[in-house]
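Chains as they are written, first to last, in my numbering: chain E, 1 to 354; chain L, 1 to 291; chain X, 1 to 266.
One should not assume that every hint holds.
As the list claims (entries may be wrong) - Here are the in silico distance ranges between beta carbons for each label pair:
#1 A30(X) to H55(L): 50 to 60 Å
#2 K100(X) to K107(E): 52 to 62 Å
#3 A30(X) to V74(L): 29 to 39 Å
#4 A67(L) to K100(X): 37 to 47 Å
#5 S166(E) to F203(L): 48 to 58 Å
#6 S166(E) to L152(L): 13 to 23 Å
What the hints assert, rightly or not - Capping the alpha-carbon separation at 25 Å, the derived lysine to any residue pairs in SDA-like fashion look like this:
#7 K157(L) to T47(X)
#8 K10(X) to E190(L)
#9 K153(E) to I253(E)
#10 K102(L) to T9(X)
#11 K10(X) to A212(L)
#12 K274(E) to S53(E)
#13 K130(X) to S98(E)
#14 K106(L) to L184(L)
#15 K102(X) to I28(L)
#16 K15(X) to V90(L)
#17 K100(X) to L25(L)
#18 K102(X) to S166(X)
#19 K57(E) to K290(E)
#20 K151(E) to L154(L)
#21 K15(X) to V207(L)
#22 K121(E) to F333(E)
Please keep in mind that the hints were generated in silico from the structure rather than gathered at the bench.
Heads up, the beta-carbon is just placed ideally off N, CA and C, and yes, glycines get one too.
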Amino acid sequence: MMRYGKRVMSVMLSLALLGTSVSLTGCGSSKKAENGELNLFIWTEYVPDSVISDFEKEYGIKVNVSTFSSNEDMLAKVKSEDEGTYDIVQPSDYMVESMIKQGMLEKLDQDALTNLSNIGKQYLDPSYDPGNVYSVPYQGGVAAIGVNTDKVKTDIKGYKDLFDGSLKGQIVALDDYRAVIGMTERSMGLSMNETDKSQLSKVSDKLLTLKDNIAVYDSDSPKSSLISGDCNVSYCWAAEIALAMEENSAIKIVFPEEGAYKFIDNWAISKGAKNFDNAMKFINYMCDDKVAGKVIEEFPYLNVNEKAVAANKDYSENEAKNIPADVFEKGEFVTNLDTDTLKVYNDMWNKLKN
Amino acid sequence: MISMTKKRFREKTLPAAIMVGPVTLWLILLVAVPLIYILVMSFCSIDEFYNVTFHFTVDNYKHLADASYIKIYVQSLVIALLTTVICILVAYPFTYIIARTKSRFKSLLYMLVIIPFWTNSLIRIYGWKSFLGTSGWLNSVLMKLHIISQPLDLLFKQGTTVFGMVYCLFPFMVLPLYTAIGKLDSTLLEASSDLGAKGWKTFLTVVLPLTASGIFSGCIMVFIPCLGYFFVSNILGGGNSDVIGNLIERQFKSGNNWPLGAALSIILIVITLVLVKLYQKTGGDMDSLGV
Amino acid sequence: MGRKARLRTKSVFGKILCGIVYIVLFLPIAVVVVNSFNATTSKPYLTWKGFTFDWYFKLFDNTSLLTAFGNTMIIALVTTILATIIGTLGAIGMYKYKFKGKSVIDGLLYIPVVIPEIVMGISLLTVFAKVSIPRGMLTLIIAHVTFCVPYVIFNVRARLSGYDISIEEASMDLGANRFRTFWEVTLPVLKPGITAGALLAFTLSIDDVIISYFVNGNTMTYPLQVMASIKSGVAPDVNALSSLILVGTIIFVILTQGNLFKKKMS
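Same shape as in the complex, but just chain E:
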């Protein structure tokens, strides 16, 4: 008995030593910071590691990266952590607006943003942050429709076609109530941010006709279901469809004629940031066209850096990645709902999913 325990203990101890040494080599490889630190709180899989390490080398700033996978996660965590835990956050459009109203963001130092001219005019001075006082756009996109043309013969032109009875059990949709309800609203000619109760009850009825068509709700990797053939139609971000198109040439992208759900993710500095100047350096660095060029090579999202886009032909000619200006123009941002409407939306979503 005793021997057994001793052996277990010795194995555990050696595991501990192994673990410690592994983590120490991990820490040891990151060099010393000459010019302080920078704490990023960004989306998972959204900023190339190489770009961050280049920034570290160039400016001698040690960058710590934490990631989140939804705006709400980010907000909850920023609120519960001490002020100044994160220097840079990466909220989407509607979240920028909400964070500004709650006084959670610092005003940017406009003079430090020397590279802002690289950003396309259509992305600047947005409705959620007039004059870009608090935020600088990074990447964006729209929720489009991906179709496997080998399997689906009906002609899909817009969101309304997703309700067609022939698509029973064939759709993979974003697991996001604003995206799915918003899509339904657009298909009925309403705004994605509709608050009128009588209209919403019609939306709720319409939504139930979608129920049988959706096989999977997946926000993490909807492309997987499309590529594997588990689903033949996807309602998801254009970037996901772009990746699926690379795997299977039968997959095509359709931008909805009703006007798509669009989003822009932004750089912003959180209130009480301890490394404000470093954060400004980083944001300006990300607006550099060469840096944006590296981002374009790695990620299939709509890049707002016009100069970088123009320099990369493969990217700029791929409409699933570089979303056409008129499509983006016609799209709609989601906005924050009042709490009563929020409840109505949540209840609709519950009914749809069960």
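Please arrange chains L and X on chain E, whose structure you already have, making use of the hints.
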């Protein structure tokens, strides 16, 4: 008199304090306090930025009595019940064999149940997803062998969720059963068959009652987590077979209504307490939970 | 004769059943291992593009993944040790002594087992933030110990239920002091329960995602890294690390196996 209290202190109070003190403190600070926090939150409401505001209301609970929510509670209970029944039916004979085998690999057989759980559970669930998918391993092999001509549609069903739950929670049924069956006295079984009892009769009158405690604690350990394992129904069920955990997760994440999520958590805790009470009523031994 | 044949079919059925159970338990892991040799480099990593060892080399360039793994091991070990000590002492104390509020503590024990992890994660984060404990390794360990202690206690208690306190008295009558009695009499009797509890605590700790997500601050753990990578499909280097962990586990079992064989003889 004084020496009496001193002695009492040295022999009873001090060792008791040393032994029970740390766990008591830990539980009060890190379990009771957060729990009270959740309870308070469930009676709060949210402001225009969806922040929790301390303004007493029972609206959250009223809201949760709606038919669409009750449907999900029922669905969760059905999924949990199915999972538990399947776990018993598979785990009982399995555990009986590995717990009573005379093989020299007995301990190894036991370890083999635990080893898979040292690989990250998300990765394993994803493994199942790519195994069962339309172009997954299973369908590819079956089609190569010409057993089927069209790929089987196995994913994103309620059954897939139940399967995933059974997979995740199986060891929680095996562990208490292993303990209970391991304690069985062979001589008792021999005595029963010596007295002429047939195999089935011995099982029903001797083995089953003696191992019932293991079954009951296994049931609790499988049933309750089932109500909360939202990631299984997300990945394998495709979001089509929600359990209460999905509802809670949604309110805390995208739904933005923390007080409602807190109220749902309280409902889940109440369901749990009811089940645990039932378990105690059936003579269940609280101490064997989690073994 | 008939009975013998029945017994034989019974044992064949039993073997088939056990075989199926073990296959099902290990099947998704086989998927993981095979995918770790997939030569594909395009994002969802689903299509098979040939056999390669590349990911096992690339894995060692992925410092963030390795650091996260190291953190997970440290957290799991410290958690296991702390939870085992606190839990074992608590279980024995609660078994031996009667005191006020015991039933309350008893009830509190079941809460971490049944409370949804997300609720526990958020409430713990709020508590940590309120008393401003910096989030990171420390808070991760505290949180993990919190959900592991009950499991240790349940396991130790299961062992205690057949425990006769009079052997402790006998030991003390023979002149052993309280500490020596605890170390040489009480502990060895409870050892199987303690080992089982520690094993379970270790297993729960290395696999935790949801609670860790809330209390980690800037410290990444291996499951959190996995969760982040799932967005682009589980990357082959994550599969490679998982396979290595599996190999490590098997080595662990083999190292302790000599005793595993012996155990059944006693």
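Do the hints match the structure? See the list:
At roughly 54 Å, the beta-carbon separation of A30(X) and H55(L) lies within the given 50 to 60 Å, and the hint holds. In this structure the supplied range 52 to 62 Å holds for K100(X) paired with K107(E), their Cβ-Cβ distance being about 57 Å. Our hint of 29 to 39 Å for A30(X) and V74(L) holds, since their Cβ atoms are close to 36 Å apart. Restraint check, A67(L) to K100(X): a C-beta distance of roughly 45 Å satisfies the suggested window 37 to 47 Å.
The hint said 48 to 58 Å for the Cβ distance between S166(E) and F203(L), and at roughly 54 Å that hint holds. Between S166(E) and L152(L), the C-beta spacing of about 22 Å keeps the proposed range 13 to 23 Å intact. With a C-alpha separation of about 24 Å, the suggested pairing of K157(L) with T47(X) holds against the 25 Å cut-off. For the hint pairing K10(X) with E190(L), the CA-to-CA distance comes to about 18 Å; that is within 25 Å, so the pair holds.
This hinted pair checks out: K153(E) and I253(E) have alpha carbons roughly 14 Å apart, not beyond 25 Å. Proximity of K102(L) to T9(X) is assessed by CA-CA distance (about 18 Å); at most 25 Å being required, the pair is judged to hold. At most 25 Å may separate the alpha-carbon atoms for a hinted pair to count; K10(X) and A212(L) meet this at roughly 23 Å. A threshold of 25 Å between alpha carbons decides the hint, and for K274(E) with S53(E) the separation of about 20 Å falls inside it, so the pair holds.
The hinted pair formed by K130(X) and S98(E) meets the criterion: a straight-line CA distance of about 24 Å does not exceed 25 Å. Distance hint between K106(L) and L184(L) is fulfilled; the C-alpha atoms sit about 16 Å from each other, no more than 25 Å. Of the pairs offered as hints, the one joining K102(X) and I28(L) holds, with about 12 Å between alpha carbons and a cut-off of 25 Å not exceeded. Straight-line distance between C-alpha atoms of K15(X) and V90(L) comes to about 13 Å, which keeps the hinted pair within the 25 Å bound.
Restraint check: the Cα-Cα separation between K100(X) and L25(L) comes to about 14 Å, which is no more than 25 Å; the hinted pair holds. Distance check on the hinted pair: K102(X) and S166(X) sit about 23 Å apart at the alpha-carbon level, within 25 Å; holds. Restraint check: the Cα-Cα separation between K57(E) and K290(E) comes to about 16 Å, which is no more than 25 Å; the hinted pair holds. Taken as a hint, the K151(E) and L154(L) pair is honoured in the structure, with Cα atoms around 19 Å apart against an allowance of 25 Å.
Proposed proximity of K15(X) and V207(L) is supported: the alpha carbons are some 20 Å apart, at most 25 Å. Simply put, K121(E) and F333(E) have alpha-carbon atoms about 17 Å apart, close enough for the 25 Å limit, and the pair holds.
The earlier numbered hints are all upheld by this structure, with none contradicted.
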